[in-house]
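Here the structure of chain F is known, so what remains is to put chains P and B in place on it, guided by the hints.
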Amino acid sequence: MNDTRSISASTLLLLLKLRAVLVLVALIIVFALLSPSFLTANNLSILAKHVSITAILAVGMTFVILSGGIDLSVGSIAGLAGMVAGGMLTVGIHGHLSGAFVSICAALAVSLLVGVLNGLLVTQFGVAPFIATLGTLYIARGAALLLSQGRTFPDLAGTPEGGSTGFTALGQSFFLHVPLPVWLMLVITAATVLIAARTPFGRHVYAIGGNERAARLAGIRIDRVKVWTYCFSAVCAGLVGLIIASQLESAHPATGESFELNAIAAVVLGGTSLMGGRGSVGGSLIGACVIGVLADGLVMVGVSEFWQMVIKGVVIVLAVTVDQFQARIQSRLTAAPLSRGDTPRVLA
Amino acid sequence: MTFLRMTACVALVAICGCHARDTRPLIAIIVPAEDNPYFKAEADAAAARAAQLGYRTRVDVHGDDAYRQDNLVDAAIASDAKALILDNAGTDASISAVRRASRAGIAVFLMDRQINARGIAKAQIVSDNDQGARLVAGEFDRAMHATYPGKSSYAELIGRESDTNAQVRTTGFHAVLDKDPALTLAAAQSANWSQSEAFSKTETILQAHSDIRGIIAGNDTMALGAVAAVKSAGLHGIVIVGFDGSPDAIAAIKSGEMDATSLQPAVLISRMAVDEADVFLRRGFTGKPEIQIIPCDLVTRLNAGQFINFEKRQ
Amino acid sequence: MSDAVQHCVVLEARGVSKRYDSTLALDRVDFQVRAGAVNVLIGENGAGKSTLMRLLAGVELPNTGDIWMSGRRLDMRSPRDAAAAGIAIVHQELAVMDNLDIAENIFAGRELVRSSALVDRRAEESRGAAALLALGKPIPMRTLAGTLSLGNRQVIEIARALAGNARVLILDEPTSALSATEATALFHVIASLKARGVGIVYISHRLNELLLLGDYFTVLRDGRVVGDGTRDNVDRTWIVERMSGRRIDANQTRAANTSSGNEIPLLEVRGANVKTESVSGSDDLNLAVRKGEIVGIYGLLGAGRTEFLEGLAGARREMPGEVRVDGARIALHSVSDALKAGIALVPEDRQRDGLVPDLSIRENISLASLSGFSRAGFVRRRDESARVHELAEQLHIAARDLELPVTSLSGGNQQKALLARCLMRDPKILLLDEPTRGVDVGAKAEIYRVLRSLAASGLAILFTTSEIEEAQLLADRILVMTQGAFTAEFSAANATDEVLFAAASPRTTVESAA
Chain F
1 MNDTRSISAS TLLLLLKLRA VLVLVALIIV FALLSPSFLT ANNLSILAKH VSITAILAVG
61 MTFVILSGGI DLSVGSIAGL AGMVAGGMLT VGIHGHLSGA FVSICAALAV SLLVGVLNGL
121 LVTQFGVAPF IATLGTLYIA RGAALLLSQG RTFPDLAGTP EGGSTGFTAL GQSFFLHVPL
181 PVWLMLVITA ATVLIAARTP FGRHVYAIGG NERAARLAGI RIDRVKVWTY CFSAVCAGLV
241 GLIIASQLES AHPATGESFE LNAIAAVVLG GTSLMGGRGS VGGSLIGACV IGVLADGLVM
301 VGVSEFWQMV IKGVVIVLAV TVDQFQARIQ SRLTAAPLSR GDTPRVLA
Chain P
1001 MTFLRMTACV ALVAICGCHA RDTRPLIAII VPAEDNPYFK AEADAAAARA AQLGYRTRVD
1061 VHGDDAYRQD NLVDAAIASD AKALILDNAG TDASISAVRR ASRAGIAVFL MDRQINARGI
1121 AKAQIVSDND QGARLVAGEF DRAMHATYPG KSSYAELIGR ESDTNAQVRT TGFHAVLDKD
1181 PALTLAAAQS ANWSQSEAFS KTETILQAHS DIRGIIAGND TMALGAVAAV KSAGLHGIVI
1241 VGFDGSPDAI AAIKSGEMDA TSLQPAVLIS RMAVDEADVF LRRGFTGKPE IQIIPCDLVT
1301 RLNAGQFINF EKRQ
Chain B
2001 MSDAVQHCVV LEARGVSKRY DSTLALDRVD FQVRAGAVNV LIGENGAGKS TLMRLLAGVE
2061 LPNTGDIWMS GRRLDMRSPR DAAAAGIAIV HQELAVMDNL DIAENIFAGR ELVRSSALVD
2121 RRAEESRGAA ALLALGKPIP MRTLAGTLSL GNRQVIEIAR ALAGNARVLI LDEPTSALSA
2181 TEATALFHVI ASLKARGVGI VYISHRLNEL LLLGDYFTVL RDGRVVGDGT RDNVDRTWIV
2241 ERMSGRRIDA NQTRAANTSS GNEIPLLEVR GANVKTESVS GSDDLNLAVR KGEIVGIYGL
2301 LGAGRTEFLE GLAGARREMP GEVRVDGARI ALHSVSDALK AGIALVPEDR QRDGLVPDLS
2361 IRENISLASL SGFSRAGFVR RRDESARVHE LAEQLHIAAR DLELPVTSLS GGNQQKALLA
2421 RCLMRDPKIL LLDEPTRGVD VGAKAEIYRV LRSLAASGLA ILFTTSEIEE AQLLADRILV
2481 MTQGAFTAEF SAANATDEVL FAAASPRTTV ESAA
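Residue numbers (this note's numbering), protein chains in the order written: chain F, 1 to 348; chain P, 1001 to 1314; chain B, 2001 to 2514.
It should be emphasised that the hints constitute simulated quantities derived from the structure, not laboratory data.
Note that the structure is predicted; figures quoted are calculated from it, not measured.
In this text, a Cβ means the ideal position worked out from N, Cα and C, and glycines have one as well.
Heads up, some of the hints might be wrong.
Facing chain B, according to a computed beta carbon distance under 8 Å, are these residues of chain F, among others [stated by the list, open to error]:
| hint | residue |
| --- | --- |
| 1 | T199 |
| 2 | P200 |
| 3 | R203 |
| 4 | Y206 |
| 5 | A207 |
| 6 | G210 |
| 7 | L217 |
| 8 | A218 |
| 9 | G219 |
| 10 | R221 |
| 11 | G277 |
Bound conformation, chain F alone (with noise of 0.2 Å):
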């Protein structure tokens, strides 16, 4: 009797694990029933290379959001990233123009810079993340803004003359037919979950945000793998800002404004804990898909921006939700069979 009930109940527990992707399945079922095109290959790659913004940062924020830690300034680093390469290929420094190369690595050079500080400042003066980032936040943007005096940076498809060609290819160019920012999506996801679940630094990540004073008892040096986790996420965040300028062939300073919101909404539709300890990154993936196939089918459907926004906040809303759920149940699957009067078999 008690068997049938643990069954059951781990049935549903691993349907409430599953449930972004169920949640998925489902939307992908609705909208393909709704919008014929849905479905097509052409759509699925666009609706892929859309997801991938999203998804980028908010696999980038999983580790940070896992130690316990939040990074509010994502959106604001994509915007001045987009803007330093925006600036070097088409201002340039002291007027001299900068490949498209040297302006990539520029730009993720100054974004990994902001994610030290946000590092630095949680770290080593004790400035609480959600204000550390918040401030970054503002800080990045008015970098980007002014770069430019506020103005968009235009044509950053460059001149063959001028070697400044080439920015284009990040965010427009294809490889066996899938478009690059979706592989950049894909690589960077794999590495962050190898990451997560075989190395050192993983395990010291999921610890720290478990537990942090038994993490610094037990030698992990938490500082340094705080900065670390702001630092990825720092320069993933710049990445997103060069694809984006890239696809718009300018750069705009206000590009990535409430991005954070987004991927944050990402994460926690994967099911990782706010508080930190857990959760994982594939999750913040299906997380960024569901967030992107809600919102190109209610543009495909035709659904009006006001619902769009209600119904984007009730699925976040009821995701966290059932996220609370799903603790209760497993907290009472696995402190049950080990109570006193059971004989647990000793391992030998």
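Same frame as chain F, but now just chains P and B:
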């Protein structure tokens, strides 16, 4: 000792600074944003004209936030500005701020956007959004027929839907386009004035409706996002029009990526506002009606060379 | 007072049981609180005292059993209900708000209000002052609580209980942070409360205090009541025997450590101190532990034991004094410094400082040694699992599956998992802070056996304990720490209950209060 000397130096510098202070009358200029070419051109033109006429100027940005606008108006009152040139943060939300400034003896000149009250501001000089929208919609209609004889469908990108101008423009578009039985609206989406949002939404719309032959956008930024999306989809010959007449859009019209835009004479309007403020400060009246509506200019490939930075070359 | 019968029962727990996930914290406990008397509750750590207290104070609900007050069954669902019934509690960690003044503290949460819904300061001040006067502490009402001494803050909490017309007052380790004079003052307060007919529940580890103050005694062990007595038939031996249960002959279970005294000690500490805000302590803590030796530091709560061990483990940023491992001086700025030198600590508070609840048993055990299993930056799962299994087997960790969350283990097995984490670093010196806190009797014996075999294999082990029996059972040598200083040293054979108690009790002026 050193400390005392340093303090003395600082005090001296401060006193000299006070003496050298600019005594010209102050004109405060408040615009929605400086990261937008339209508002930037507007603010720059106003500041330049005011300086030319012998005024001290200060440019502030309210970011479409009525509360921040309130604070900026208070700051203008506190610094004893003589006139306020304002591109306001909302037709209703701005009334109290304008009234407060007027009561404090500041002459308020509204440009670009009206408020829902008369007799408080000395002048409200705005471009004719409705006329501009009809103008560019007519050109859109003409271009669609010229390129695609017979029936064809189009998509519309709307600005932030809570924004008055977004509503006026879309109404103007439809006043023209809905009369043409050959044109069908396949999709209408808000892209919140944003280029990257217009890009991804256009990409999606083009997937859902492969028969789309034209895109009409509520501003140039969104139109340029649509241009990038059309390019990325490998499509040619899609008619794209925008609104505002930004330099980027005019460049796109010259290169054939966009077909037309409706240029708001921002520079002209802000110069008019400053000129009328100057007249008012010297004589006590402007000699013009409060509401002045300035028509927009249609920019197409044929006349694109005549326009530069929200201004028609003389 | 000599006639115990005249005290009537005001509050009573009848057959209450409380189960947390995997442990039965209280097992059908009966407990009576008599009015106008000091009702002493005694037991070792983990015996269930604090659980019983939480039930009486309405913080938690019992699984079975009821709580009765003056012949009426109480239905308490929150501490508010308990307060309304007249039950007040002063926790060991004082709940005084430093930023508020005395009157505000006394009436926090149940402010006196006039008809206008404004706080009635005047009424609060006069009633608060009356309560403090009754306690013999006429401190001005407008004094900020943050400026008061610890003893006076405690008085404020008691005054809060009095102003709420409490009929039962629970005091949890009230003297643990007090100086001798403050403790004496507290005893006077308790005497005056008794005279007013308040039933006092008094919880403490300090036997001489209990014997001095107590009228009724209840001993808890492993969640059961194992002794009930009145002042007339209770003495020190009675308490100690019931607290520790059956006496085990210490010498029988311990292999005598016979290593000679002239080899270099594996761990040597000179001139250290454990000064904190509440502990003044000596500047000259010296200690040496030889290879294969188990040294116990016995002391009461707040004696500075935890600070001393954390210092040795590099967890306090700086360890004052000189620390030598195998004769070589080491710097201790971080936990990794300590681990590199071969010092590993099993912390006192498993939940707070040890376990990562979201990780599996395996991941918790290997947490401190991941780089050892890594090749080219990746953890080799097979090596890791093999080593974890090996240790789990060696330490007899009872788990269905090492991939389950660590929270699924019982207290004793969680402790073993932390021990395994330390052992995985192959330490030379093992530090354990209260190694069997919250561990049941069977697992205790098991942990002792494991530690002894580790010592036999050449580790130096240093542990702290507040349980006399544990010190006697496990240690080859016992140091007594009192108020931040080592006050005595005994070999296991000489360490009787009496001498350990005497050495550990702070020089309280208990006698002067009598």
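Now for the hints, and whether the structure bears them out:
no.: 1; hint: T199; result: holds (6 Å)
no.: 2; hint: P200; result: holds (4 Å)
no.: 3; hint: R203; result: holds (6 Å)
no.: 4; hint: Y206; result: holds (6 Å)
no.: 5; hint: A207; result: holds (5 Å)
no.: 6; hint: G210; result: holds (4 Å)
no.: 7; hint: L217; result: holds (5 Å)
no.: 8; hint: A218; result: holds (4 Å)
no.: 9; hint: G219; result: holds (4 Å)
no.: 10; hint: R221; result: holds (7 Å)
no.: 11; hint: G277; result: holds (4 Å)
Of the numbered hints listed earlier, not one is contradicted by the structure.
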